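Visitor: Below are the chains, spelled out letter by letter.
Number of protein chains: 2
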Amino acid sequence: MKAIAVSQDDRSLDVIEKPRPEPAEGEALVKTLRVGVDGTDHEVIEGGHGGFPEDDDHLVLGHEAVGVVEDPNGTTLEVGDVVVPTVRRPPNGGNEYFERGEPDMAPSGMYHERGIVGEHGFMAEYFTSPAEFLVPIPAEMADLGFLVEPLSITEKAMELAEASRSSFTWDPETALILGNGSLGLLTLAMLRNDENYDRLYMLGRRDRPDPTVDLLEELGATYVDSRKTPVDMIQEVHEPMDFVFEATGYAKHAVQLVHALAPNGVGALLGVPGPWEFEFDGGAFHKEFVLHNKALVGSVNSHVRHFESAVDHLAEMDDWFFDDLITGVYGLGEFERAFEDGDTIIKTAVEFAQYEER
Amino acid sequence: MKAIAVSQDDRSLDVIEKPRPEPAEGEALVKTLRVGVDGTDHEVIEGGHGGFPEDDDHLVLGHEAVGVVEDPNGTTLEVGDVVVPTVRRPPNGGNEYFERGEPDMAPSGMYHERGIVGEHGFMAEYFTSPAEFLVPIPAEMADLGFLVEPLSITEKAMELAEASRSSFTWDPETALILGNGSLGLLTLAMLRNDENYDRLYMLGRRDRPDPTVDLLEELGATYVDSRKTPVDMIQEVHEPMDFVFEATGYAKHAVQLVHALAPNGVGALLGVPGPWEFEFDGGAFHKEFVLHNKALVGSVNSHVRHFESAVDHLAEMDDWFFDDLITGVYGLGEFERAFEDGDTIIKTAVEFAQYEER
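Quick mapping for you: the protein sequence lines, in order, are chains V and R. Residue numbering for the first sequence follows full-length UniProt numbering, starting at 1 and increasing by one per position. Residue numbering for the second sequence follows full-length UniProt numbering, starting at 1 and increasing by one per position.
Since the hints were derived computationally from the structure, they do not count as laboratory data. There could be a bad hint or two in this list.
You can't tell identical chains apart in this list, so a pair holds if it fits in one copy or across any two.
What the hints assert, rightly or not - EDC-like cross-link-like pairs, simulated, lysine to aspartate or glutamate; straight-line CA separation at most 20 angstroms: (1) Lys18 - Glu279; (2) Lys2 - Asp225; (3) Lys18 - Asp55; (4) Lys31 - Glu99; (5) Lys2 - Glu336; (6) Lys252 - Glu288; (7) Lys252 - Asp281; (8) Lys252 - Glu277; (9) Lys252 - Glu279; (10) Lys18 - Asp319.
As the structure is a prediction and not an experimental result, all values here were calculated from the model.
Assemble the whole structure, with the sequences as input and the hints as a guide.
Guide: Dropping the structure here:
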């Protein structure tokens, strides 16, 4: 079968030929439909993040997949089930985090991530997976299934953020999303349908006309240009934010966002920046944090329950949103186009097969 | 009656004569027993924090009080009830935070704090208070009642911290308290009785012999000298900490503590530092926060339920701990001694009257 892999030799991304995998006991064989591309994939290609499987000279890329069960192999799944795989796998026979269904809480070294670190990903015509890591989704969502994994990242971050405010009465009304990439836009589309939030803001650094600015405005959000209104000025220029979702990976945002938060507000951090020494007013950060009961939560990865919530929330979103968000779906013959970057590109995927009803 | 007040003229602290207050409807009259002194009192005296009542040229100090009901004035309290007053009061006829019993979550401007900002405190022979802000405690705790308010601050911070970890399985074993002052030591005595925590650490910057170092070791904690082991090295030198409680007000700790936290750990910030610009590795802070699902919660003040928990937790502590912690209780004639600072002083109080059983 064909797969898209990064070579350890020269870090090139190529279509390679691999044997079709055989499902082991407890595993199903899945025929891949679509696999999304995100910033992590680019970091893996460039070598800034992730790692190759032991004893292998390449890594099959891809962690945002949707497929169809080809061979349930004695599991509870059925032939034709449309499924989305989770990303983390136990590295050596499992550990407590996997046993209790919370692999997203496992510390470094206690997990592999398919397509990112230690195990091959889903950008292949077929993949196998333990059935417990395959989340069934409605067949009508087959084309959009590659958005379940990214939205599950938001689900988990929101869950952590809301938990942090659960010991008192918290009625958030305003939310600010830092970053106008595909994850930010998916999050915005989700918050738009959340009756808690009346007013939504999204920060970016793009000139109009720009498709992400158009899209965020169509979703009812206010665009905040960070070149004119830095994060720590947003409260003055606009209003205090009960919830801030950071999806820029820009380290200054992690501390500046405290000054954008309303009293009792919470920020969720999702970016993974490199080292960066800079000066900031640590006293003001500390004081503001304490005197107004603010909170920050870091969040990485997600587990089955978050995938299930993401399916529910995707089902509530409008078709026009997906039409605007997904700027390209490319077959294997032109897979490179799914990895191109540019101001007119928002979300792309590689298509390995089209969904066919049985 | 006599009261201890800060003068607006010259910021001097003196015993003054004031009329004994008359309880309004819904208020009780309380005869003051003891009032504790803490860092906030010193900041109020120095003018770094707080503010005088409108139309008054002095502020009666004191927010850590215990007293006996002298006149219930038709409230549900009874003559002779030992009570501890909460600190925040509604500034102008109340607001939603007070209505739902969460004045500790009110933003700046929506509360007064007795003895700190906008309303006179409890360092007087008598005070009045709405009965809803008077928490009854067992009579045998009358002498220790002035410790209820400070411990309630810890109760609230712990509640916020635990809530932030409530969306997943969290079994903390290790805790680090930053700061070996009286609040840190009270917190340590509480965590020592918390079956979750097996190993406790306390950071300070004192040479032995030192009474706080002796006391923390008697409580079973390991002393961490910050001059030898800075906060961001503690994980390497000792072990990762599931919970970090910051009670130093030292702004670098607020960001360094992320590197002391175990994966999925949480830090509670309680200090209120002034502005301080410094350089730090914001990228490492951000990345570590995200990749290991860490959290930070800021916490200020407390409400009735936290006072009630504090009473329960104080009742579990050993008498020898209080003997060591409380280094001085002084009558009005020598009240200045309760405000002295020094390496042999841990916790002090001013005594206005001795408790007498009726």
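Visitor: Against this structure, judge whether each hint is valid.
Guide: Results of checking the hints against the structure:
no.	hint	verdict
1	Lys18 - Glu279	neither (50 angstroms within a copy, 50 angstroms between copies)
2	Lys2 - Asp225	neither (43 angstroms within a copy, 59 angstroms between copies)
3	Lys18 - Asp55	within (15 angstroms within a copy, 83 angstroms between copies)
4	Lys31 - Glu99	neither (27 angstroms within a copy, 58 angstroms between copies)
5	Lys2 - Glu336	within (14 angstroms within a copy, 83 angstroms between copies)
6	Lys252 - Glu288	both (16 angstroms within a copy, 14 angstroms between copies)
7	Lys252 - Asp281	both (11 angstroms within a copy, 10 angstroms between copies)
8	Lys252 - Glu277	both (10 angstroms within a copy, 14 angstroms between copies)
9	Lys252 - Glu279	both (10 angstroms within a copy, 12 angstroms between copies)
10	Lys18 - Asp319	neither (36 angstroms within a copy, 72 angstroms between copies)
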